[in-house]
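From first to last, the protein sequence lines are chains Z and W. Mapped onto the numbering used here, the consecutive letters of the first sequence carry residue numbers 1 to 260. Mapped onto the numbering used here, the consecutive letters of the second sequence carry residue numbers 1 to 393.
What the hints contain is simulated information worked out from the structure, not anything from laboratory work. Every residue, glycine too, gets a C-beta built ideally from N, C-alpha and C. Errors might be hidden in some of the hints.
[Claimed, not checked] Label-pair distances were calculated between CB atoms; the ranges are: (1) K254(W) <-> K192(Z): 35 to 43 Å; (2) E46(W) <-> P151(Z): 53 to 61 Å; (3) P11(Z) <-> S51(W): 30 to 38 Å; (4) K254(W) <-> T52(Z): 16 to 24 Å.
[To be verified] Quick look at which bits of chain Z chain W covers, simulated, 3 or more residues with Cβ under 8 Å: (5) 11-18; (6) 92-98; (7) 117-130; (8) 138-148; (9) 156-170; (10) 217-229; (11) 236-245.
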Amino acid sequence: MRIIVCVKQVPDVTEVRIDPKTNTLIREGVPSIMNPYDLHAVEAALQIKEATSGKVTVITMGPPQAEEVLREAISMGVDDAVLLTDRRFAGADTWATAYTLSLAAKKIGFDLIICGKQAIDGDTAQVGPEMAEFLDIPHVSYVRRIDKIEPSEMIIERLMDDCYEKIWLSLPALITVVKELNNPRPPSIRGKMAAKKAVIPRWNADDIEAEEDKIGLKGSPTMVKNIFAPPPRGERRILEGTPEEQVNTLLKELRRLGCL
Amino acid sequence: MLIRIDIEKCTGCGNCLNLCPFGAIIIKEDKAFITEACTLCGACVESCPESAIIDERAREGEKEENFRGVWIFAEQSQGRIASVAYELLGIGRKLAHELQTELSAVLFGESPEVEELIKWGADKVYYTDASQYGYLDDELYAKTLVNLINQHKPEILLAGATAIGRSFIPRVAARLRVGLTADCTGLEIDKETGNLLQIRPAFGGNIMATIVSPTSRPQIATVRPRVMKRGEYAPNKKGEIIKIEPLESKGRVKILERIHDSSFCKVNLQDAKVIVSGGRGLGSPENFTLLWELANLLGGTVGASRAAVDEGWIPYAHQVGQTGKTVCPKLYIACGISGAVQHLVGMQSSDIIVAINKDPNAPIFNVATYGIVGDLKEIIPLMIKKLKEGVSE
Ligand SMILES: Cc1cc2nc3c(=O)[nH]c(=O)nc-3n(C[C@H](O)[C@H](O)[C@H](O)COP(=O)(O)OP(=O)(O)OC[C@H]3O[C@@H](n4cnc5c(N)ncnc54)[C@H](O)[C@@H]3O)c2cc1C
Ligand SMILES: Nc1ncnc2c1ncn2[C@@H]1O[C@H](COP(=O)(O)O)[C@@H](O)[C@H]1O
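Build out the structure end to end from the sequences listed, making use of the hints.
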């Protein structure tokens with residue numbers, strides 16, 4: 001089984017803030033991490049490999065320093081990694097990202113591609129399904145369980161809003177995974193050594209024969225027009241008095257606001 | 001570089017420095033200079049009093065003019081149309097009105113409620129009741145919708161930011177080579193350009209962004225459930241139901257079974273109007289029964305912090321936050337939850353937040369519309385009592 005895992009380096013969003021005075025991102029001291037959902041994607045791939053044998057390749061598209069997340073994946077046990085990096089990839093939205101990643105996946109070859117449910121910086125959850133369309137393969141989003149995997153098919157569970165569904169899926173295919181699926185393993189000592197030594201190939205737009213007008217900013221149909229701080233929450237009030245009085249005020253307010 | 005500074009015009013005033021969200025502009029030898037940190041967002045361009053910042057993308061004016069009409073995708077599950085579809089009709093009606101065009105709905109899968117779409121505002125409904133559309137089949141749904149769009153060329157398409165919409169709509173956007181904006185919480189028409197301004201939270205809700213797809217049509221967005229208001233219900237409104245020619249499924253994905261695990265299915269947090277959430281401060285799993293009682297009285301459901309889930313007091317399906325669900329009910333009551341940022345990102349867009357916590361310095365109070373500093377074991381039974389009394393009055 002040849003498995004490709006797509007991982008993304010993201011800022012730790014809990015640290016990202018906007019300066020309300022200048023409307024600019026406060027970037028100082030915001031650490032970069034592997035997108036948390038992608039850790040689950042890596043773990044899923046490793047478990048499948050252990051069950052069926054095969055090879056796991058991680059890929060990322062990003063600036064040169066995104067290599068860090070590839071090394072992190074190697075330290076968890078994946079076999080090899082490819083970094084897609086090129087000034088021309090910069091400014092890609094999900095369309096251009098999915099196009100670029102799908103060309104790389106085609107070049108590497110695969111039976112299964114695993115993505116995280118979404119990246120926590122953009123929260124779009126679009127790159128996986130868009131890749132599947134570019135590659136003309138089926139996909140299943142929000143996979144919470146893998147019941148069976150064979151060379152040409154799998155049985156999995158998809159998390160829906162009101163239930164979950166047991167699904168048969170033919171391979172090659174793409175899945176995106178949620179956190180419930182597994183618990184990512186910590187890096188092993190051996191893995192850390194491998195990660196240190198690994199030579200990670202870098203591919204640019206020419207290496208994957210990308211069309212210039214489909215990558216990076218030029219290839220992106222969406223544009224960020226502006227960013228701003230979320231509107232401040234309205235009135236905030238600490239309720240006074242005895243517990244009885246507090247509860248009375250609260251219920252009165254909730255009634256006034258049409259909540260009861 | 002697709003954004004550059006015209007050195008002749010630049011006076012080095014520094015206006016653009018503060019406006020750059022990414023700190024990517026510096027002043028060097030009295031002129032502005034764009035560094036590697038630039039993400040080409042374009043926020044600086046209009047800030048320049050000298051018009052010295054040039055956006056070489058110059059994409060305006062290329063867009064196709066013959067795309068007309070606002071469409072919404074109405075999803076159904078087991079024949080029931082999701083409430084987000086009616087919300088989409090609400091906002092869709094507004095947009096259609098501004099653009100002076102029609103509002104249409106697309107419905108895949110048999111539903112006895114198809115006429116409801118018209119009464120809630122659709123002028124037309126494109127509909128197929130063929131059995132292969134009963135469940136989400138991503139490839140089939142995407143291909144059918146792509147065909148319809150190519151045939152009728154709407155300028156805007158909205159779908160719910162639900163498990164269904166967020167799964168198959170990206171395939172539609174990929175195929176059509178158009179922009180797609182996820183999980184919007186605001187939609188407006190730009191008066192100057194006629195483009196759809198798609199407003200959405202990013203970075204876990206710490207930042208809002210306005211996204212446009214200036215040249216590609218249709219402009220496609222998924223819209224967060226429970227954010228948009230429904231429009232007027234007109235029981236006598238007439239509209240046209242147009243049959244869609246069904247396609248065959250590729251059969252590469254088959255739904256074997258729908259599982260309604262009761263512990264899980266009751267937890268439709270995303271759709272809940274009221275969520276009563278518990279954290280470590282509950283102290284024991286038994287106290288969750290109190291929360292259920294309160295939630296039932298309020299017509300809501302129960303959520304939890306990760307700490308409560310990790311303690312094993314309640315299943316993961318209830319977890320709210322960065323690694324759980326993102327919710328935006330009308331009323332969110334946080335009981336014994338400190339308000340760690342990972343929890344806040346999952347609930348801070350709720351309309352009204354009530355916090356009950358005995359620590360007056362708990363960060364949850366920073367986002368709470370109403371805060372009660374007190375012991376939840378005292379406050380919640382009191383609330384339950386008063387609510388019950390209220391009912392019997
Ligand atoms: C990568 C990552 C992801 C995470 N994802 C999530 C997530 O998705 N969701 C999430 O919730 N957390 C998440 N967390 C964990 C988060 O950081 C906090 O640890 C967690 O939210 C704390 O839960 P809590 O508020 O219930 O517990 P605590 O922080 O222990 O707070 C308990 C509160 O209860 C109050 N209290 C105690 N007794 C009473 C009483 N009798 N009456 C009233 N108040 C009382 C205390 O004053 C205290 O404020 C994540 C953390 C990390 C690192
Ligand atoms: N630049 C990227 N490089 C590699 N994988 C990515 C990249 N962007 C997104 N992905 C993958 O797509 C998933 C969904 O991302 P998104 O659509 O941005 O929310 C992530 O969890 C990753 O698996």
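Each hint, compared with the structure:
{"no.": "1", "hint": "K254(W) <-> K192(Z): 35 to 43 Å", "verdict": "holds (42 Å)"}
{"no.": "2", "hint": "E46(W) <-> P151(Z): 53 to 61 Å", "verdict": "holds (55 Å)"}
{"no.": "3", "hint": "P11(Z) <-> S51(W): 30 to 38 Å", "verdict": "holds (32 Å)"}
{"no.": "4", "hint": "K254(W) <-> T52(Z): 16 to 24 Å", "verdict": "holds (21 Å)"}
{"no.": "5", "hint": "11-18", "verdict": "holds (count 6)"}
{"no.": "6", "hint": "92-98", "verdict": "holds (count 4)"}
{"no.": "7", "hint": "117-130", "verdict": "holds (count 11)"}
{"no.": "8", "hint": "138-148", "verdict": "holds (count 5)"}
{"no.": "9", "hint": "156-170", "verdict": "holds (count 14)"}
{"no.": "10", "hint": "217-229", "verdict": "holds (count 12)"}
{"no.": "11", "hint": "236-245", "verdict": "holds (count 6)"}
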